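Assemble chain B onto chain A, guided by the hints.
2 protein chains.
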Amino acid sequence: MIRVVLCGTGNLSQQLFNAFRASDLVEVVQVAGRNEDNLEVFKKYTVTTTNFDRLEQADVYVMAVSDNAIESLGQKIGKGLLVHTSGSTSINKLPDTIRRGVFYPLQTISKNLNIEFAQVPVCLEAEDEDDYLVLERLANTISKSVLRLNSTKRFNLHTAAVFANNFSNHLWNIGEEICEQNDLPADLLKPLIMETTRKLGHMSSFEAQTGPARRGDTITIKKQMEALEKPSHREIYKAITQSIQETYAKEL
Amino acid sequence: MIRVVLCGTGNLSQQLFNAFRASDLVEVVQVAGRNEDNLEVFKKYTVTTTNFDRLEQADVYVMAVSDNAIESLGQKIGKGLLVHTSGSTSINKLPDTIRRGVFYPLQTISKNLNIEFAQVPVCLEAEDEDDYLVLERLANTISKSVLRLNSTKRFNLHTAAVFANNFSNHLWNIGEEICEQNDLPADLLKPLIMETTRKLGHMSSFEAQTGPARRGDTITIKKQMEALEKPSHREIYKAITQSIQETYAKEL
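For the protein sequence lines, the chains are A and B, in the order given. The first sequence runs 1 to 252 under my numbering. The second sequence runs 1 to 252 under my numbering.
The following block holds chain A by itself, in its conformation from the complex (with noise of 0.2 angstroms):
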């Protein structure tokens, strides 16, 4: 049985909760948080705290907290096998006097939307051999998917992943104030989206690019440049209409 606190009540402290309490090897003894409030959805499953001095003993601390309470966080804590959950942030924003690690999902978490972790890549740190194969058992009871990354290269694939999913995100989020802007329905993009993912379990996404700028259409180009009402959008436009012809221009 692997004792785990959490520190943290957002929603990547409530799904990593509800994953490792679905596991016959986790037992989460504690859940520590700055707001009571927060903590309420906790309590009828362990212990809560509000107090980080008064920790349960553990074999891991997790901190699923915004990044920039690691440091100060970790510093309060300093304790145990102490675990971040961040893409972006080195292993030594932690004390260098304790055990360290970190113990990052790579996925995108939401509230009220439960997170399927079995597919999910869990990326491990830590600087200590027996530390790491704690955080790999432990990793292996909510993921299939769990590989060792250094900071440097989590870093690297945090930043790849604000490319795929973050900013794709966001360019559906274009796409729909632009038919909202037309009065054309939003919904009629859903189906494209749908396709535009699919196509990546049978092909690349290199190969798998279509449109205007791929193709080298540039009247289609000027006319929907030009016909973008937000200046955000056109910037936006050209440059990625730009890195496109870039990729491909060997084919034009």
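Please keep in mind that the hints were generated in silico from the structure rather than gathered at the bench. Just to be clear, a hint being listed does not mean it is correct.
What the hints assert, rightly or not - Just a few of them, taken from the derived set where beta-carbon distance is under 10 angstroms, the chain A residues facing chain B: (1) K44; (2) S86; (3) N92; (4) E235; (5) Y237.
Stated by the list, open to error - Ranges between beta-carbon positions, derived for each pair: (6) B/E116 x A/A69: 44 to 50 angstroms; (7) B/D183 x A/A22: 49 to 55 angstroms; (8) A/M194 x B/R3: 29 to 35 angstroms; (9) A/E246 x B/E251: 30 to 36 angstroms; (10) B/K76 x A/Q119: 29 to 35 angstroms; (11) B/E251 x A/N140: 35 to 41 angstroms; (12) B/D130 x A/K144: 55 to 61 angstroms.
To be verified - Coverage of chain B stretches by chain A, computed from C-beta distances (three or more under 8 angstroms per stretch; other residues unrestricted): (13) 102 to 114; (14) 156 to 170; (15) 180 to 188; (16) 210 to 224; (17) 240 to 246.
Fair warning: this is a prediction, and the values are worked out from it, not measured in the lab. All C-beta atoms in this analysis are idealised placements derived from N, C-alpha and C, irrespective of residue type, glycine included.
Leaving out everything else, chain B in the frame of chain A:
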């Protein structure tokens, strides 16, 4: 029975051919294309020709050709109810001396990947009401989602689709490229991409937005931007981050 002549032999033409052939209400009486070799795949099912002056009698002539071929081919065919299949091309590019229209399936078409047209919005335009009804009957044979749009709305819808589909796909490609540059398996991003899409079934893309830009995490934004090797990636990072920050400015 609706009699159709298909002009063009590319991906869209092949997909439409298969979809029409699956319907008892449509007969593709002929496929016309400039290149004899490209007609080969159609030959065992229907009549083919390379001579656009020798088209069969039909209820609808469907031109599934590249945007820049529409005007000249339209003049060459110059008869019947003639429709093009382009999102960004006005109906006025077809000769005004004939019955003309537009039959635009909002979808991303790739070689060797069959489209399920049932969910694909088919956007129609016609000047004459009787012609519109013919196109509507034809569209209903392949899709449950048929709508009437004028050329301006269709153009804007196509622009929205470029963001939601073409541009998103390129961001996935950039994500994979960043992985490869850093010796990370590009497949790591796939579960994240799938989950990002799945979310759209449960919430709007506006709500689903996560990441450093939405959180206003300027430290991570700066670090990630500096770590990007390609100038074109930095331009995109900057433009989309600014747009996200504008979109969620009230929250920060």
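Outcome of the hint check:
1. Taken as an interface hint, A/K44 does not check out: its beta carbon lies about 25 angstroms from the nearest beta carbon of chain B, beyond 10 angstroms.
2. About 9 angstroms separates the beta-carbon of A/S86 from the nearest beta-carbon of chain B, less than 10 angstroms, and the hint is met.
3. For A/N92, the shortest C-beta to C-beta distance to chain B is roughly 14 angstroms, which exceeds 10 angstroms, and the interface hint is violated.
4. Of the supplied interface hints, the one on A/E235 holds, with its beta-carbon coming within about 4 angstroms of a beta-carbon of chain B, less than 10 angstroms.
5. At about 8 angstroms, the closest approach between the beta carbon of A/Y237 and any beta carbon in chain B falls short of 10 angstroms, and the interface hint on this residue holds.
6. In this structure the supplied range 44 to 50 angstroms holds for B/E116 paired with A/A69, their Cβ-Cβ distance being about 46 angstroms.
7. One distance hint, 49 to 55 angstroms for the beta-carbon pair B/D183 and A/A22, is violated here, with the actual separation near 33 angstroms.
8. At roughly 33 angstroms, the beta-carbon separation of A/M194 and B/R3 lies within the given 29 to 35 angstroms, and the hint holds.
9. Hint check: A/E246 to B/E251, Cβ distance near 34 angstroms, so the stated range 30 to 36 angstroms holds.
10. Distance hint check for B/K76 and A/Q119: the Cβ-Cβ separation is about 52 angstroms, which falls outside the suggested range of 29 to 35 angstroms.
11. A C-beta distance of roughly 37 angstroms is found between B/E251 and A/N140, which places it inside the suggested range of 35 to 41 angstroms.
12. Checked against the hint of 55 to 61 angstroms, the pair B/D130 and A/K144 passes, with Cβ atoms roughly 58 angstroms apart.
13. Evaluation of the coverage hint for the region 102 to 114 of chain B: fulfilled, as 6 residues show C-beta separations to chain A shorter than 8 angstroms, against a requirement of three.
14. Check result for the region 156 to 170 of chain B against chain A: holds, 15 residues qualifying (beta carbon to beta carbon below 8 angstroms, three or more required).
15. Residue count for the region 180 to 188 of chain B with a Cβ under 8 angstroms from a Cβ of chain A: 5. That meets the three needed, and the coverage hint holds.
16. Coverage of the region 210 to 224 of chain B by chain A holds in this model, with 11 residues showing a Cβ closer than 8 angstroms to a Cβ of that chain against a need of three.
17. Judged by the Cβ-Cβ criterion of 8 angstroms, the region 240 to 246 of chain B is covered by chain A as claimed, because 5 of its residues qualify and three suffice.
Hint compliance for this structure: hints 1, 3, 7 and 10 are broken, all remaining hints hold.
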